[in-house]
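Chains as they are written, first to last, in my numbering: chain A, 1 to 210; chain B, 211 to 458.
Hints listed in this document are in silico derivations from the structure and should not be mistaken for laboratory results.
Each residue gets a CB set at the ideal place from its N, CA and C atoms; glycine is no exception.
Keep in mind that a hint or two might mislead.
To be verified - With a Cα cut of at most 20 angstroms, we get these calculated SDA-like pairs of lysine to any residue:
(1) Lys296/B / Asp67/A
(2) Lys296/B / Ala3/A
(3) Lys272/B / Glu72/A
Unchecked claim - To be clear about the criterion: a stretch of chain B counts as covered by chain A if any three or more of its residues have a C-beta under 8 angstroms from a C-beta of chain A, and this derived list gives those stretches:
(4) 252-258
(5) 266-274
(6) 295-302
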Amino acid sequence: MIALVRYLAADVLRGQRFLAPLLVFLGSLGMLFAYDPGPQLAAFSGSAALIYPIGAWLTVVVATSEDVVRREITVVSAGGWPRVLAAVAVTAVVFGLAFAVVATVWPVVASPRPYSFLQVLAGLGVHSVAALLGVGVGLMFSRPVFDSIGRTVLVVFGVVVMTYPLGRHTPLGWVLDALGDNTVTLPILWAGLIGFGLVAGAVALGARRA
Amino acid sequence: MRRHGEFGYLGVVLLDQVSKRYGRGPWVLRDLTLEVSGLTVLTGANGTGKSTLLKIAAGVLKPTSGRVARPASVGYVPERFPSDVKMSASSYLAHMGRIRRAAATDVLDRLGFVGSMTAPMSQLSKGNAQKVALAQAFLATDVLVLDEPWTGLDPVAAGELVEMLQGRTALVSDHEGHLADATRVDLAGGHVTIDLSRVVGLDELEALEGVRSVVPRGSSARVVVAPDRSDHVLAEALRLGCSVRSVR
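Just chain A, with the same shape it has in the complex:
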């Protein structure tokens, strides 16, 4: 599994398609934290809202980095679709967690307010949950569930956009709600579990569809 994740990560990094979500992410963080972003935990709400679509975008990049034919070779080499899909999920989660670290550390360094260790830990947790939700959405509609990249982009974009107006009726809404109140609440844990379930469900669905 580690060898497969290393290969997929190397392929993504060489392909350069990851640069677009990375630059949008860094540019948006720069704007969010250019001035005092407010109370410690509330400051994370903007970046948590941002990392969700970026996580979905990056996951589509990871899932479609190999073209169809090379993916077939990888599937045969790895011993089947389930292993490759699990490795795609792990790779996307690793990238998502790296983005979560950046989103957590940035305000700690840039903000004039001091952050306690627990607040940093909470920030890492909420960013990871939001990234996990994005990874789940990205995986759920990527190859091999949808073969066409156009359809994948449209559906993932649609789901991501629809998430925001639904507010507290979605797991992301629970996260943002708690951060808006400058607290960490139990629903964030439930959102994390739903994110994990989305990722696992997407892997299972992909293995079934392949």
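Following the hints, complete the assembly by docking chain B onto the known chain A.
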């Protein structure tokens, strides 16, 4: 050969009554039974399902119905290796070796690879990219599944590939007749499936002319035969003392 569970053998690809259709489209393969235990060549006109069968044998595609047994280590070369790969050949082969936990092979040297191992594979010629595709497939230890593997190879490399395939278990699509000595399966020619009971003399059955595969199931067996030899095989099966349950 060692038995591999109830169905199939180690080192052998076994397809039993395999059918495939894409969505609600027409059937690409219908009730195909095939045992690949040596060098086997698939022939047939375009659109007869050769690539689909190879993908099913390799584990890329699931059959719509039927069963497939294959060993753990299968090497696969698709019909067209992609030309826009940013990764270098050395990096790609190193990754594939790690994924398979396999040691590097001398396949590239034997095939006469002359491109840069460190440049992106997108800069390689078609023939050299094909040699990289073959090199990753030969990392597999059990079975090779190769779709038109001679595509883009020069005559020397093509001859070397024929040499390298001798003694291996491989399922190969071959339009150009490179593997004259291999068992040939013509997908366009169809087949007859004979279900036998009270089977005795499996080895004699397998040795009969026109028999493509024999899949034993306890005291019964399913025998797949070339259509023009089915009468002869039926007569021989009866002579051996088998009972005929069905002929399709």
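Okay, the hints, checked on the actual structure:
1. Taken as a hint, the Lys296/B and Asp67/A pair is honoured in the structure, with Cα atoms around 12 angstroms apart against an allowance of 20 angstroms.
2. A hinted pair counts as satisfied when its Cα atoms are at most 20 angstroms apart, and Lys296/B with Ala3/A qualifies at roughly 19 angstroms.
3. Only pairs whose Cα atoms come within 20 angstroms are accepted, and Lys272/B paired with Glu72/A is accepted, the gap being roughly 12 angstroms.
4. With 0 residues having a Cβ less than 8 angstroms from any Cβ of chain A, the region 252-258 of chain B misses the three-residue criterion, and the hint is violated.
5. Remark: the region 266-274 of chain B is confirmed as covered by chain A, as 4 of its residues place a Cβ nearer than 8 angstroms to a Cβ of that chain, reaching the required three.
6. With a cut-off of 8 angstroms between beta carbons, the region 295-302 of chain B has 4 residues touching chain A; three or more are needed, and the interface restraint holds.
Violated hints amount to a single one, hint 4; each of the other numbered hints is respected by the structure.
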